[in-house]
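Engineer: So the chains spell out like this:
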Amino acid sequence: MRIDTYVPEPVREQTLMLFACIGAVLLVASLIGGLLRWKLGAANGVVANLNARINAWWVMIAVIGLAFLGGRTGVVVLFGFVSFFALREFVTLNQTRRGDHLALVVSFFVALPLQYIFVGQNWYGMFSIFIPVYGFLFLPILACFGRDTTRFLSRNAETQWGLMVCVYCISHVPALLALDIPGYADRNMLLVIFLILVVQSSDVLQYVWGKLFGRHKIAPNLSPSKTVEGFVGGVASSTLLGAALFWLTPFSPWQAALMALAITLMGFFGGLVMSAIKRDRGVKDWGNMIEGHGGMLDRLDSVCFSAPIFFHLIRFYFVP
Amino acid sequence: MTSRSAALLPARLLARIVALFLISLVRIVTGAQARWTGTAPLPQQRLYYANHSSHLDFLLLWALLPPRLRWHTRPVAGADYWNRSAVRRYLIRHVFNGVLVERGGEARAEGVARSDPLAPVLAAIANGDSLIFFPEGTRNANEEMLPFKSGLFHIARQCVQLELVPAHIENLNRVMPKGELLPLPLICTINFGTPLTLQAGEVKDEFLQRARDAIVQLIPEHAPRPS
Chain A
130 MRIDTYVPEP VREQTLMLFA CIGAVLLVAS LIGGLLRWKL GAANGVVANL NARINAWWVM
190 IAVIGLAFLG GRTGVVVLFG FVSFFALREF VTLNQTRRGD HLALVVSFFV ALPLQYIFVG
250 QNWYGMFSIF IPVYGFLFLP ILACFGRDTT RFLSRNAETQ WGLMVCVYCI SHVPALLALD
310 IPGYADRNML LVIFLILVVQ SSDVLQYVWG KLFGRHKIAP NLSPSKTVEG FVGGVASSTL
370 LGAALFWLTP FSPWQAALMA LAITLMGFFG GLVMSAIKRD RGVKDWGNMI EGHGGMLDRL
430 DSVCFSAPIF FHLIRFYFVP
Chain B
10 MTSRSAALLP ARLLARIVAL FLISLVRIVT GAQARWTGTA PLPQQRLYYA NHSSHLDFLL
70 LWALLPPRLR WHTRPVAGAD YWNRSAVRRY LIRHVFNGVL VERGGEARAE GVARSDPLAP
130 VLAAIANGDS LIFFPEGTRN ANEEMLPFKS GLFHIARQCV QLELVPAHIE NLNRVMPKGE
190 LLPLPLICTI NFGTPLTLQA GEVKDEFLQR ARDAIVQLIP EHAPRPS
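Residue numbers (this note's numbering), protein chains in the order written: chain A, 130 to 449; chain B, 10 to 236.
There may be inaccurate statements among the hints.
Unchecked claim - Here are some of the chain B residues that sit facing chain A, going by a computed Cβ distance under 7 Å:
| hint | residue |
| --- | --- |
| 1 | Val169 |
| 2 | Pro186 |
| 3 | Glu189 |
| 4 | Leu191 |
| 5 | Pro194 |
| 6 | Leu195 |
| 7 | Ile196 |
Hints listed in this document are in silico derivations from the structure and should not be mistaken for laboratory results.
Remember, it's a predicted structure, so these values are computed and weren't measured experimentally.
Quick reminder that beta carbons are idealized off the backbone N, C-alpha and C, glycines included.
All chains, please: the whole structure from these sequences, using the hints.
Structural biologist: Have a look at this one:
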């Protein structure tokens, strides 16, 4: 893997501007959070959680910003670690047995790093099939060495699901850097920003719309906090945000809006799927790594489902 | 604490550095988190007792105690295991400041006249130290806990004031099952329950059952069950 920490000039300028905007938005959010705490008191649970979430956003933005200073390599390494923490949360809640040990060690310490090395090498032919083909076939072979047939199929399915969601899907965020779009050379890092910004603000906007106007639960069995009003308001406003950010991308404004719509919808359904898994396991959050948000996977469930679709939509329509 | 204060300063410094290194290592690998659901981490003399499924159990529990509690808390460990090599001896005596006990006492205690195997433990309690204790007596590869040995009862009977804090260590047996070389980086959790003491008139079996139940109640719903 070639170490490439070069950040091209136009990217540097627009990235700085974006981070300044995000900083301003967060500053406003922090002020509102402080005002609410002053009005409603520090004992109010919703306000305390809101402030914890806002503070965590400051940290997350700082970490992403630092990674971007490291250029291509910085972004690949950042998401490699993100995958690691996500996979750890996922496997912790899997019903593994002793016989899975080898397959899981290989998942963490061989499959995960290799996937990100292939992404770092721009080797599309490999990173797009490595886990679905090689992982799919070799992990159950390794599990055979555990000589334990109890729930063999479901144990392997859980391991593979973890790798697909936490490693394969998340690795499609840095994989955006590998897309060769005519007239967009050197600017792919902005696609990463576009994706993260639209998906995450969709989560935030759904939360805000839901808290302000939410009346009707949209999927009470799967995710009791999601409402119809939050869903419609959040998707609509983040689609508009996506359209407004078209200048970051190789898309026209309406193309940017459609892309934003596609990734926010995938993000929403990703949240539902991951929530269904959590409910089945009897937990509310995947972990407690990020104060106020829960675990890494609680923050990333929507990105897992939208990143591969965003990647392939661009690859299909914009890469000759 | 007497053995420690007698040691030379550089040696004590080195032991503290080794301790901090091992604590960071185990915390990073296991992403460990403590949940104090039954009590707060209070700076008072206590005995923490937990399920035992891995050699790292006491290290993880020790690492998750807040520092001001940790340096006054000593693990109770089997002398047969920890005296087997020079490295182990160094670790248990100087780094962990452990209390070594002779195991297998229960079977022999009645007939043969021998010193009380719990004497070092009672001495440490009299000295004001907090302790980490594994009442199953030995590591347990199964998912069910073994029945408790009588040691915990004898301690509770002789130190009626001492708070016994039940702690459930979750997942550490999955991180590194017996015989595996590489650890899995799973998230381990220690859940601290409500402290208990021996009740008036409580007999041995009742007490040990109650103490064991206190740990079973701390097992979360989502934990893998034996199938």
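Engineer: Each of the hints needs a verdict: does it hold here or not?
Structural biologist: Status of each hint after checking the structure:
1. Val169: Given a least distance of 37 Å, the restraint on valine 169 of chain B is violated.
2. Pro186: Hint on proline 186 of chain B: holds, closest Cβ of chain A at ~5 Å, below 7 Å.
3. Glu189: 5 Å, holds
4. Leu191: 5 Å, holds
5. Pro194: With Cβ-Cβ at 5 Å, under 7 Å, it holds.
6. Leu195: 5 Å, holds
7. Ile196: 4 Å, holds
Taken one by one, the earlier hints fail for this structure only at number 1.
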